[in-house]
Structure formats: C-alpha cells, structure tokens
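Undergrad: Okay, here's what each chain looks like letter by letter:
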Amino acid sequence: MKSVFCPSCGAPVTFRWSSAVQTVCPYCRSVLVRHDVNLEAVGKVADLPVDPSPVQIGTEGIYRNKAFVVTGRILYAYDEGRWNEWHLLFNDGSSGWLSDASLEYAVSFLHQLPQGIPPAHELSRQFKINVDNVALEVTTITRARYEGVEGELPFEYWDKTDLMFADMRSADSHFGTIDYSENPPLLFIGEALDFEDLHFKNLKLIEGWS
Amino acid sequence: MVRTLECPNCGGTVELKYERTINAVCIQCLSVLDATNPSLQILQKFEGAKRYQPKIPLGTRGKLQGGQYEAIGFQIRQIEVDGVTYEWSEYLLHNPYKGYRYLTEYNGHWNDIRTLRALPVASSKGSKPSVIYGGKTYTHFQSASAVTAFVMGEFPWQVRVGDSVDIKDYVAAPESISSEETEGEVVWSIGRYTNGAEIWKAFGLKDSPPAAIGIYSNQPSPYTGRIASSWMTFTLLSLLLLLTVIGVAIVSPRDQAFRQTYTFSTGNTEPSFVTPVFALKGAQASLQVQLKTDLSNDWAYFGLALINDDTGTAYDFGKQVSFYAGSDSDGAWTEGNRSGSVSIPAVPAGRYYLRVEPEMEKDGRPRRMRYELTLQHGAPSYFWFVLGFLGLLIPPVVTSIRAFSFENRRWAESDYGALVQSSSGEDD
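Protein chains in written order, with this note's numbering: chain A, 395 to 604; chain B, -6 to 421.
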C-alpha cells in the first residue's frame, strides 16, 4: 500500500490497488484522479447516506476459489431505494463487481460485447441473448442515478444521471447486466450467489446480529 | 438503530427498526407511510374493515434452515375463485446479512419461501403446463390474481392495500414454484412445505400452531414411498408363494386312479356309459379329470358325473374340448386344444365310478372320436394359494387407493379439479 496526500485537504490517501484510476479522499470527499504519481482533485462528492449493506471497503471474500478485497463502490439510487456496486480486486490482479441490491448478491465481470445487443430504446424485458453458450433473458430494466462513489475505482467518474440497466437471468444461476451508461453499452456477466457462497470476512458489524 | 417518529395521520409513535425500510405501517392507525421521508408522508390511509393479527408477532426472530431471520412485515393476500374469496397470511423475514425470505400460512399449512435466482423453463411434457427448475418438473396447479388486503410492519419496497399481482403456482411436493407478475415483470420463488410445529419451534411461539385443515397444494403425501415399498413386499411374498406352489406340486403324491381309452361315434343311440368302479385312497384331495382327444376341426362336449358307489353322492360337471387348424394368407393357425382337464376340489376317499356322456355336432354327418380318460387323485388344489395371493394384494392395493385419494383431494383444489370427480357430486 502506498500513501500519498490529498491535494485538496492534505490528508493521507492510501491505495490498496496499484491500478486504481480514481479514489475519493475519505476526509474531504474530494474525487482524486491519478496521473502517474500525482493526484488531481477533480470535484467533490456529498457524504454518502448511512449504508445498510454489511459489505464495506476492505471486506474480503472468496469467489470460485479466488480471494478478493473490496476497494471501492458506486452507490446507485432508483425508485425502490438504493444499491451498491462494490469494486472487487482479485488476488490475480483482475477486477470484478459485487452488487447487493435487496441483499441479493451477484458477482460479475466486464465481458466483451457480443453482436445483437439492441440500443436502449429498443430493449424490452424477455429479450434473449446467448453469451458464451449461456441463454440469458432480460428480467428487469432499471433506471437509476449515481448517488455517490467511494474508494478506488477502475475509471474516472463520480456523477451520472438517468442510467439504464438491464438485468438478465438464465435457467441456472448465471447473471448479466447491460449497462447503457456508455456508448456502446457495457456487458457484465457473472453469477447470482447466496451470502454463504462468498465466505466474507471483515464485514460491517450490525448491532444485534452476529 | 431504531428511529422514533410521529405518525402524521394519528399522532401515534412510529418506530422504524430497519434501515432498508421504504414503507412502514403505523401500528395504531394502520396508515401506510413513506419511511424515506423524514416527516413520514401518508401514502395510504387504512379503510379496511378488519384488523388482522399476525400469528408470528413482528420483531420475533426465528432460527430457520440457513440462519436467523426476523419477522418484519405482514400481509394478508386474497384470491377469488368461482366467487369465493380465499386468503392467506404472508410474513416478510429479514436477516441484514442474508437478505429476505417469506413464510406463508393458509389454514394451518406453512411454506418457507425464497426468491429464485434462476429462471424456471416452461416445459411441454404432460397434460398440464409445467416448469423445470433444478432438474425437477413442477406441475401447474393454479393461476389467480392476488390482491393485498392488509399490511402491517416495515417493507424495503412499496406496498399498498389493493396491490394486485398475477400468480401462477406449480407444484412438486414438498416444493412449489410460483411466479408473480406485475406490469410484465416476473418474480419467481420457491416454497418448501413446512409444518406449523416447525414454525412454532423456530420462532419459540407459545401454545400450539393451528391445526392444518384439508390438503395443501405442495403438502407431501404420507404415502410417497409407501406405495413402492408395499408393492415390493407384495412381489417378494408372491414369489415365495409361487415357490411354495411349485414345491407342493413337485412333492405332493399323485395317484392315478383310472385310465382308459374310448371311442365315440355319432351313430350311437345311447352315448352315455359308466366306467368300472375305482378306488380313491388317502386323504381328501382334489381329483383331476383329463381328456385327451384326437379332434380335428371339430368340438366335443363331455357331460360328466363322479358318483360315490357307496353313498350315491354325485359331482356333476362338464368339459368342452375343441380344436381347429388351418392356414390362410398369414400362414398356419390353430385354435383351441385337443386336450382338456377339470379339477374337482376336496374329494374324500372312497369307491367311485364316472358317468360319461360325450356329445358332438349333430348335422347328420358321421363323426368319430378317440379319447383317453385319466383320473388323478391327490393333484394339489391351488384354491388356498389363490386366496393367499388375493390376500397379499390387499395391503398394496389399499395403500395405492389411499395415495390416489390423497392426490385426488390435493388436485381438487387446483384449476383442474379432482383427478376423478366424486360420484356423490358433493364437489361443485
């Protein structure tokens, strides 16, 4: 871990991940972007609301025999509440995401976009696509916005409004998301999991529960 | 961290216990409140006629398979079938690490329900629609529109009295799979049938659970496995019986009491005759009368009577023998048998003779037949074995009938009605 100082408030900023593009100063909430050895403050984010998720930055876990640590998160808000996309750094250096919407956990990875993903306005539920021989079907379309960011992320971004996500499911527990916040859209493919499957460590302690 | 707020409708205290709560219901006036709004905006006032009481008090924790869960929300949901309203209770359970889960209760039948991460696949096998999930086929049971009639507690999503969803239930006891569809969005869940006693134990509830009434869609049949095992037992015992029969047939003494060859021709004016007297010895046993003829494309009927020479007691019987053969476009064929036999059970020892009266077609053409008459005393009687076999059949047949009756009562509540309609017509 390397310590550098926040160009905005001078507080020490620690990186867990050498390839992080962006982090947020935990003291002054400045969004800091890395340029070689320097940090540039590009904006500020508001304090995040109290988060009911048991996952926090620094939480560790195991997915398919690969250990990961949570380095950052994006908090999304939609009509029915909020959810987190936690950025996972695996012990082989790869990146992944853990979503915790309604405490339904899913781990996913950025995947090459196949042919045949329609544009946002043409997409509807029950749209079917095969990715790596897995038949996926769009089950939920969610419109959301960035509510905040925290920690180390693989890209430079802290504010997005009116985002569209299409969640997909399969006959087994495969899971996919088409993220229409970029053009062309991003595809994430992974798996829906039970809490126990992820072998978490260093979770947030929730009062009254063990 | 409990937040204590004031109900904007009745002024009563509203305690918000869960950080994920989106909607909360005032415990006093039952208004549905927006828990994300610091002043708890009223979303819906209570206009129902009845205040329901959850059997699992909200805030109670229970240890279920998979961990501890706390009851945080309660709903009454209703469906209408043929003008009759049916309602069930639904408890929302929460664990802040593991998420949400539900318990439902209908007439004392409980189900432990979780949402599915995978999409069941529609199947076209069978006469009723079905879905396949995890390699198991679930048969469609009922489709209905379910309306929320009452809400209480805290919910991490929007709830209102009057919310309506289209439900489809598929069963494979003790599990069931349901889809709930609202505005095209489908949520799948899987339920496991659970006894009230298990729920009471898990949540440490007082008294005893309400007795289960009737048979529930995914209630496991008490006869599952018993049908197969009762037929297995039957098969084994029948084999034993068969071996006994073979053994008896091999070892049982046979006494050839009489044998003689006769010729019959239609020209005889008096076809009837009696045999010489013969003795049947030993214990009471069956007597087998065998007739071997040389019939060809013809028939013969033997009127027979076994008469005790001392007492005059007569056993009257008869036997038809016919044999036809020929060939057609399909090749050679035969029908019937040149030989026949009759068994008279339980004939006591004694001196007997046989009266024989053969008969053949009387169409004016002369007919001749040679036949051999053989009597065997002590041929084993299979009557008791047949009775024993029938006795062995009773348990598996009764079990199968009961199992079928259970399934019949289960399916009587489905969209398809009973498997067999009751003849008394007590079902509508």
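Careful: at least some of the hints might be erroneous.
[What the hints assert, rightly or not] FRET-style restraints, in silico, Cβ to Cβ:
{"hint": "1", "chain 1": "B", "residue 1": "Lys38", "chain 2": "A", "residue 2": "Ser496", "range": "24 to 30 Å"}
{"hint": "2", "chain 1": "A", "residue 1": "Asp441", "chain 2": "B", "residue 2": "Val(-5)", "range": "18 to 24 Å"}
{"hint": "3", "chain 1": "A", "residue 1": "Lys554", "chain 2": "B", "residue 2": "Val(-5)", "range": "54 to 60 Å"}
{"hint": "4", "chain 1": "A", "residue 1": "Lys460", "chain 2": "B", "residue 2": "Asp408", "range": "43 to 49 Å"}
{"hint": "5", "chain 1": "A", "residue 1": "Lys460", "chain 2": "B", "residue 2": "Val77", "range": "53 to 59 Å"}
{"hint": "6", "chain 1": "A", "residue 1": "Lys554", "chain 2": "B", "residue 2": "Asp408", "range": "44 to 50 Å"}
{"hint": "7", "chain 1": "A", "residue 1": "Ile456", "chain 2": "B", "residue 2": "Asp408", "range": "44 to 50 Å"}
{"hint": "8", "chain 1": "B", "residue 1": "Val(-5)", "chain 2": "A", "residue 2": "Pro406", "range": "44 to 50 Å"}
{"hint": "9", "chain 1": "A", "residue 1": "Ile456", "chain 2": "B", "residue 2": "Pro50", "range": "23 to 29 Å"}
{"hint": "10", "chain 1": "A", "residue 1": "Lys554", "chain 2": "B", "residue 2": "Gln34", "range": "26 to 32 Å"}
{"hint": "11", "chain 1": "B", "residue 1": "Pro50", "chain 2": "A", "residue 2": "Arg539", "range": "34 to 40 Å"}
Hints listed in this document are in silico derivations from the structure and should not be mistaken for laboratory results. What you are looking at is a predicted structure, and each value in this text was computed from that prediction instead of being measured. A virtual CB, placed ideally from N, CA and C, is assigned to each residue, including glycine.
Undergrad: Determine for every hint whether it applies to the structure shown.
TA: Evaluated hints:
1. B:Lys38 - A:Ser496: 24 to 30 Å: holds (27 Å)
2. A:Asp441 - B:Val(-5): 18 to 24 Å: holds (22 Å)
3. A:Lys554 - B:Val(-5): 54 to 60 Å: Violated - the Cβ-Cβ distance for Lys554 (chain A) and Val(-5) (chain B), about 34 Å, lies outside 54 to 60 Å.
4. A:Lys460 - B:Asp408: 43 to 49 Å: holds (47 Å)
5. A:Lys460 - B:Val77: 53 to 59 Å: holds (55 Å)
6. A:Lys554 - B:Asp408: 44 to 50 Å: holds (47 Å)
7. A:Ile456 - B:Asp408: 44 to 50 Å: holds (45 Å)
8. B:Val(-5) - A:Pro406: 44 to 50 Å: Given range 44 to 50 Å: violated, Cβ gap about 36 Å.
9. A:Ile456 - B:Pro50: 23 to 29 Å: This hint is violated: roughly 38 Å between Cβ atoms.
10. A:Lys554 - B:Gln34: 26 to 32 Å: Between Lys554 (chain A) and Gln34 (chain B), where Cβ atoms are some 28 Å apart, the hint holds.
11. B:Pro50 - A:Arg539: 34 to 40 Å: Holds, since Pro50 (chain B) and Arg539 (chain A) (Cβ atoms, about 38 Å apart) stay within the stated range.
In summary, the numbered hints that this structure violates are 3, 8, 9.
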